[in-house]
Amino acid sequence: MRKGTYPILLGLWLSALMLLAAPLAAQAADASAKAPPRVVVQMADGTPDKQGLLLANVNNLINHYGQGKVTVEVVALGPGLSLLYKDNPLSPRIRELASRGVHFKACENTMKAQGKKLSDLNPVSEPVPSGIAYIVDRQAAGWLYYRP
Amino acid sequence: MRKGTYPILLGLWLSALMLLAAPLAAQAADASAKAPPRVVVQMADGTPDKQGLLLANVNNLINHYGQGKVTVEVVALGPGLSLLYKDNPLSPRIRELASRGVHFKACENTMKAQGKKLSDLNPVSEPVPSGIAYIVDRQAAGWLYYRP
Amino acid sequence: MRKGTYPILLGLWLSALMLLAAPLAAQAADASAKAPPRVVVQMADGTPDKQGLLLANVNNLINHYGQGKVTVEVVALGPGLSLLYKDNPLSPRIRELASRGVHFKACENTMKAQGKKLSDLNPVSEPVPSGIAYIVDRQAAGWLYYRP
Chain R
-1 MRKGTYPILL GLWLSALMLL AAPLAAQAAD ASAKAPPRVV VQMADGTPDK
49 QGLLLANVNN LINHYGQGKV TVEVVALGPG LSLLYKDNPL SPRIRELASR
99 GVHFKACENT MKAQGKKLSD LNPVSEPVPS GIAYIVDRQA AGWLYYRP
Chain L
-1 MRKGTYPILL GLWLSALMLL AAPLAAQAAD ASAKAPPRVV VQMADGTPDK
49 QGLLLANVNN LINHYGQGKV TVEVVALGPG LSLLYKDNPL SPRIRELASR
99 GVHFKACENT MKAQGKKLSD LNPVSEPVPS GIAYIVDRQA AGWLYYRP
Chain C
-1 MRKGTYPILL GLWLSALMLL AAPLAAQAAD ASAKAPPRVV VQMADGTPDK
49 QGLLLANVNN LINHYGQGKV TVEVVALGPG LSLLYKDNPL SPRIRELASR
99 GVHFKACENT MKAQGKKLSD LNPVSEPVPS GIAYIVDRQA AGWLYYRP
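Protein chains in written order, with the working numbering: chain R, -1 to 146; chain L, -1 to 146; chain C, -1 to 146.
Hints were generated in silico from the structure; no laboratory data involved. By construction, the Cβ of each residue, glycine as well, lies at the ideal position given by its N, Cα and C atoms. Be aware that one or more of the hints could be misleading.
Stated by the list, open to error - Reference listing, derived: stretches of chain R covered by chain L, where coverage requires no fewer than 3 residues with Cβ under 8 Å from a Cβ of chain L:
(1) 110 to 117
(2) 137 to 145
To be verified - Computed list of lysine to any residue pairs in SDA-like fashion (alpha-carbon distance at most 25 Å, straight line):
(3) C:Lys48 - L:Asp43
(4) C:Lys48 - R:Tyr63
(5) R:Lys115 - R:Gly140
(6) C:Lys110 - C:Asn86
(7) C:Lys114 - C:Glu94
(8) C:Lys114 - L:Pro125
(9) R:Lys48 - L:Lys67
(10) C:Lys67 - C:Lys110
(11) L:Lys67 - L:Trp141
(12) R:Lys114 - C:Ala138
(13) L:Lys114 - R:Asn57
(14) L:Lys48 - R:Leu95
(15) L:Lys110 - R:Pro46
(16) R:Lys114 - C:Tyr132
(17) R:Lys67 - L:Ala138
(18) L:Lys48 - C:Glu94
(19) R:Lys110 - C:Ile60
(20) C:Lys110 - L:Arg136
(21) R:Lys110 - C:Gly64
(22) L:Lys110 - L:Thr69
(23) C:Lys114 - C:His62
(24) L:Lys115 - R:Tyr63
(25) L:Lys84 - L:Pro125
Same shape as in the complex, but just chain R (with noise of 0.2 Å):
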């Protein structure tokens, strides 16, 4: 070959990686809507109805995707913070969704509001300085959100 006929092989290759690179990171953008779901749902009631419903709603999620297949964390904020009172009869079923890999995080702006300490709720809880910011933060890192 002439020896100006390298650069411009070099060239078409760059040319046409190039056309490959747009694709690719709009594709990288777009990854986190292709990933397994994460969900974070939202428990901001106090009724039995309410929090029982939220308890069948995470179990239809989960049998829905498959276990390990979608990340669910539920948030219990304001009066929803009674999901994980130590006393609360729908125990059973919290521990048997957490066995199962779902998140139950416990608002401590609530807890001080309601004069609760970490050893008054369900051994699951993990506790979040506020319900709300952490719902928001959630979403901003690309968490989808689900109220009840």
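On the provided structure of chain R, position chains L and C as indicated by the hints.
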């Protein structure tokens, strides 16, 4: 021109093209924000007041954007499934919204739990296996979420 | 250096630059997730308990991120419009939050339905044509959604 000039020109052209690639890719990834909005609306309440309000909300949404310029799906689940019961007094308004392009999805998990068959529901109803998973999937696909 | 060397160096430089382009583009598309969060909060309930809880939530949100490091808008619609009635006992707390940068939007569709003029509402109120469309538009523009 001299023999070595062409590869340099090619290189400059590639360089210019590449400067365009990054913003274009970002734009592509952001495209969903500019398209007509797609909204998944959750109906989880069983009271006539809240169900009437939801239909008014959806009606306002379509009037605001203009028919055909917004896509709306209502997902009825839990106590909210009663929205789609055949004998719900709101049925005429539901049929009217359906005629304007709104889709009404019925959660099959809830249908099972409430002992309802598709033939017990408003003929506009479209069954989905899990209402919550449907809402999550829609969000993952870029739909916006509204919980009245 | 030999005459053919420059185009090759240019090609290598382009190649390196291009390897940077894809992640940069992805980052640009993802930028909203790293900026200070913007949160649209929905007030659709008319009970004093739920309205007080909403204000506490918003207060916690601002305390958590720090004033000026989070943007919060409250959209009052349906029965929730009463939050912005002039005679609502929560008015002092609303004014205080407004002074900390929180915006309060009043749904004009609801105002019409409830026979209220802007002069009947808290002076901080900013009217929007449709509360639900406003919430949907904000989400489409990258805002995060919170429904107490």
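Tested hints:
For the segment 110 to 117 of chain R, the assignment as covered by chain L is violated, since 0 residues bring a beta-carbon within under 8 Å of that chain's beta-carbons and 3 are needed. Judged by the Cβ-Cβ criterion of 8 Å, the segment 137 to 145 of chain R is covered by chain L as claimed, because 4 of its residues qualify and three suffice. Among the hinted pairs, C:Lys48 with L:Asp43 is consistent with the structure: their alpha-carbon atoms are about 16 Å apart, no more than 25 Å. With a CA separation close to 33 Å, the supplied pair C:Lys48 and R:Tyr63 exceeds the 25 Å bound.
Straight-line distance between C-alpha atoms of R:Lys115 and R:Gly140 comes to about 31 Å, which puts the hinted pair past the 25 Å bound. Between the alpha carbons of C:Lys110 and C:Asn86 the distance comes to roughly 19 Å, so the proposed pair stays at or under 25 Å and holds. About 23 Å separates the Cα atoms of C:Lys114 and C:Glu94, which keeps this hinted pair within 25 Å; it holds. Straight-line distance between C-alpha atoms of C:Lys114 and L:Pro125 comes to about 40 Å, which puts the hinted pair past the 25 Å bound.
At roughly 35 Å between alpha-carbon atoms, R:Lys48 and L:Lys67 are farther apart than 25 Å, so this suggested pair is violated. About 35 Å separates the Cα atoms of C:Lys67 and C:Lys110, which puts this hinted pair outside 25 Å; it is violated. Between L:Lys67 and L:Trp141 the CA atoms are separated by roughly 14 Å; this keeps the pair inside 25 Å, and the hint holds. In summary, the hint linking R:Lys114 to C:Ala138 is not supported, as the alpha carbons are separated by about 38 Å, beyond the 25 Å threshold.
Restraint check: the Cα-Cα separation between L:Lys114 and R:Asn57 comes to about 20 Å, which is no more than 25 Å; the hinted pair holds. Between L:Lys48 and R:Leu95, the direct Cα distance comes to roughly 30 Å. Violation of the 25 Å bound is thereby established for this hinted pair. Proposed proximity of L:Lys110 and R:Pro46 is supported: the alpha carbons are some 21 Å apart, at most 25 Å. Restraint check for R:Lys114 and C:Tyr132: not satisfied, since their Cα atoms lie roughly 38 Å apart, outside the 25 Å limit.
Using a Cα cut-off of 25 Å, the hinted pair R:Lys67 and L:Ala138 holds, with the two alpha carbons roughly 14 Å apart. Distance check on the hinted pair: L:Lys48 and C:Glu94 sit about 31 Å apart at the alpha-carbon level, beyond 25 Å; violated. With a C-alpha separation of about 17 Å, the suggested pairing of R:Lys110 with C:Ile60 holds against the 25 Å cut-off. A threshold of 25 Å between alpha carbons decides the hint, and for C:Lys110 with L:Arg136 the separation of about 32 Å lies outside it, so the pair is violated.
Note on R:Lys110 and C:Gly64: the hinted pairing holds, with a Cα-Cα distance of about 20 Å set against a maximum of 25 Å. Only pairs whose Cα atoms come within 25 Å are accepted, and L:Lys110 paired with L:Thr69 is rejected, the gap being roughly 28 Å. About 35 Å separates the Cα atoms of C:Lys114 and C:His62, which puts this hinted pair outside 25 Å; it is violated. Of the supplied pair hints, the one linking L:Lys115 and R:Tyr63 holds, its CA atoms being roughly 24 Å apart against a limit of 25 Å.
For the given pair, L:Lys84 sits about 14 Å from L:Pro125 by alpha-carbon distance, which is consistent with the 25 Å threshold.
Violated hints, in rising order: 1, 4, 5, 8, 9, 10, 12, 14, 16, 18, 20, 22, 23; the structure is consistent with all others.
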